[in-house]
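Asks: These protein sequence lines are chains A and B, in that order. Just so you know, we're using the numbering used here here: the first sequence kicks off at 19 and counts up by one. Just so you know, we're using the numbering used here here: the second sequence kicks off at 4 and counts up by one.
Treat the hints as calculated values from the structure; they're not laboratory data. Fair warning: this is a prediction, and the values are worked out from it, not measured in the lab. Heads up, some of the hints might be wrong.
Claimed, not checked - Subject to a maximum C-alpha distance of 30 Å in a straight line, what follows is the list of computed DSS-like cross-link-like pairs (lysine-lysine):
id: 1; chain 1: B; residue 1: 14; chain 2: A; residue 2: 395
id: 2; chain 1: B; residue 1: 14; chain 2: A; residue 2: 412
id: 3; chain 1: B; residue 1: 14; chain 2: A; residue 2: 138
id: 4; chain 1: A; residue 1: 232; chain 2: B; residue 2: 14
id: 5; chain 1: A; residue 1: 20; chain 2: A; residue 2: 336
id: 6; chain 1: A; residue 1: 155; chain 2: A; residue 2: 138
id: 7; chain 1: A; residue 1: 118; chain 2: A; residue 2: 20
id: 8; chain 1: A; residue 1: 372; chain 2: A; residue 2: 362
id: 9; chain 1: B; residue 1: 14; chain 2: A; residue 2: 118
id: 10; chain 1: A; residue 1: 270; chain 2: A; residue 2: 69
id: 11; chain 1: A; residue 1: 362; chain 2: A; residue 2: 403
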Amino acid sequence: MKSNYDILVVGGGPAGALAAKTAAEAGNSVCLIEKRSAIGTPVRCAEGIGKELLREFVKPDPRWISAEIERARLIAPNGTTVNLEQDRAGNEVGYVLDRKIFDRELVWQAAEAGADVVVKTRATAPIQENGVVRGAKVLSVGTPADIRADVVIAADGTEAQFARRAGLDTTVPLREMMSCAQYLMTDIDIDAGSTDFYLGNDVAPEGYLWIFPKGERTANVGIGISGRKSRDGTRAKDYLDRFVAKNFPDGKTIECIAGGVPVCRPLPCTVGDGLMVIGDAARVVDPLTGGGIGNAMFTGRLAAQVASECISAGNCSKEALMPYDAGWRASRMGVLLERNYRVKEYFVTLDDRKLNTLAESIANISLKEFSVSALIKELIKRNPKMLLELKALKDALS
Amino acid sequence: MSTMLRINRDKCGYCGTCVAVCPEDALELIDAYLSLERECIACGICARACPFGALEVVHEE
Chain A
19 MKSNYDILVV
29 GGGPAGALAA
39 KTAAEAGNSV
49 CLIEKRSAIG
59 TPVRCAEGIG
69 KELLREFVKP
79 DPRWISAEIE
89 RARLIAPNGT
99 TVNLEQDRAG
109 NEVGYVLDRK
119 IFDRELVWQA
129 AEAGADVVVK
139 TRATAPIQEN
149 GVVRGAKVLS
159 VGTPADIRAD
169 VVIAADGTEA
179 QFARRAGLDT
189 TVPLREMMSC
199 AQYLMTDIDI
209 DAGSTDFYLG
219 NDVAPEGYLW
229 IFPKGERTAN
239 VGIGISGRKS
249 RDGTRAKDYL
259 DRFVAKNFPD
269 GKTIECIAGG
279 VPVCRPLPCT
289 VGDGLMVIGD
299 AARVVDPLTG
309 GGIGNAMFTG
319 RLAAQVASEC
329 ISAGNCSKEA
339 LMPYDAGWRA
349 SRMGVLLERN
359 YRVKEYFVTL
369 DDRKLNTLAE
379 SIANISLKEF
389 SVSALIKELI
399 KRNPKMLLEL
409 KALKDALS
Chain B
4 MSTMLRINRD
14 KCGYCGTCVA
24 VCPEDALELI
34 DAYLSLEREC
44 IACGICARAC
54 PFGALEVVHE
64 E
């Protein structure tokens with residue numbers, strides 16, 4: 019670790035790794051710091067990602083792919099199951115990753131591209147001069163140090179403290195923080211080719227419970243509920259324990275994790291003077307699905323591309339870095355984030371009766387296309403009596 | 004009488020959910036433990052958000 023770099027990346031998840039790799043490949047001196055003592059652990063993730071999305075950033079490798087998914091099932095409160103089969107061959111659904119290995123692979127690639135990587139090193143505060151971020155004060159295995167950089171890329175995940183201490187408000191409102199718990203379970207009867215989503219206010223209020231297979235008889239069994247529904251006796255772990263006791267009483271839990279997924283809108287601005295914010299820290303998680311890996315890698319790569327140009331031009335002001343913020347907002351990801359935010363805001367208003375009605379209306383259809391918009395168009399078509407309230411959904415699509 | 008935040012480290016899953024909802028930036032997730040680093044206003048938002056129920060606002064004499 020040196021005391022001066024072109025770019026300092028705070029956080030070694032997929033966002034930070036893609037930023038560091040892209041920046042190093044463009045010829046910058048790069049340092050990536052990770053506060054934990056190991057890249058990839060502990061995992062804070064259900065580990066699902068779309069196949070095409072993943073391939074935009076990294077070549078799939080069986081070493082970090084736990085399972086390939088062929089279909090999804092939505093299970094309504096009354097048990098009505100909506101089967102989302104892939105209709106056409108080649109219309110692929112997704113992977114369930116092994117994040118411990120996956121994250122290491124990405125950081126490995128960043129290191130191979132020339133980035134310095136330092137673990138057990140925590141950014142405690144930005145170094146700021148006249149409001150301009152010039153680097154970070156860090157504690158590296160307990161030893162204080164200053165790392166100066168032309169641009170700091172904040173990739174510190176849900177906590178998002180670096181950007182906050184640089185003056186951006188990253189606080190997530192309680193109702194838009196999904197409080198999550200997950201067990202990696204084995205010896206359970208599951209459909210190893212299907213990701214299952216259980217909905218309902220008794221199952222997972224304002225969220226969902228998931229079963230993401232990791233193999234033939236093993237899966238991530240987890241849940242996210244809105245923070246405002248979380249109290250003693252009705253916490254994420256309480257709902258999960260009830261579901262597991264009922265459905266997998268003989269299953270074995272080999273990992274137990276907690277996590278927080280922000281499902282608010284993205285930060286109003288993701289750049290500052292000498293500062294860029296990416297991934298979960300920028301609140302670019304899909305608010306409907308909670309998926310964040312792809313968006314993290316997308317914003318990480320884009321931020322590093324813009325930062326490289328700004329460093330070459332000798333201007334890393336907020337204005338100069340702004341093409342990153344404008345770029346992701348105008349991208350397909352940016353458009354989908356806003357659409358899915360509105361769809362989510364509609365779905366959290368539904369009681370179990372309406373959820374059942376909607377599920378029953380599409381229980382036996384086969385969608386030509388496996389997507390949120392195809393699903394919503396079908397819901398609107400098949401529920402004329404709910405047309406008025408489904409208008410919110412229709413508006414979200416336009 | 005004073006109010007304070009109690010962290011039950013045996014329950015804590017050190018996930019950082021509490022850190023992200025804290026309006027005062029008072030909590031810090033340091034490697035594998037949670038620490039109250041700055042002044043806490045005992046608002047209880049973190050205690051609500053915690054998936055495992057590891058945080059509690061307590062009143063002491």
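Asks: Out of the numbered hints, which ones does the structure contradict?
Replies: Numbers 1, 2, in rising order.
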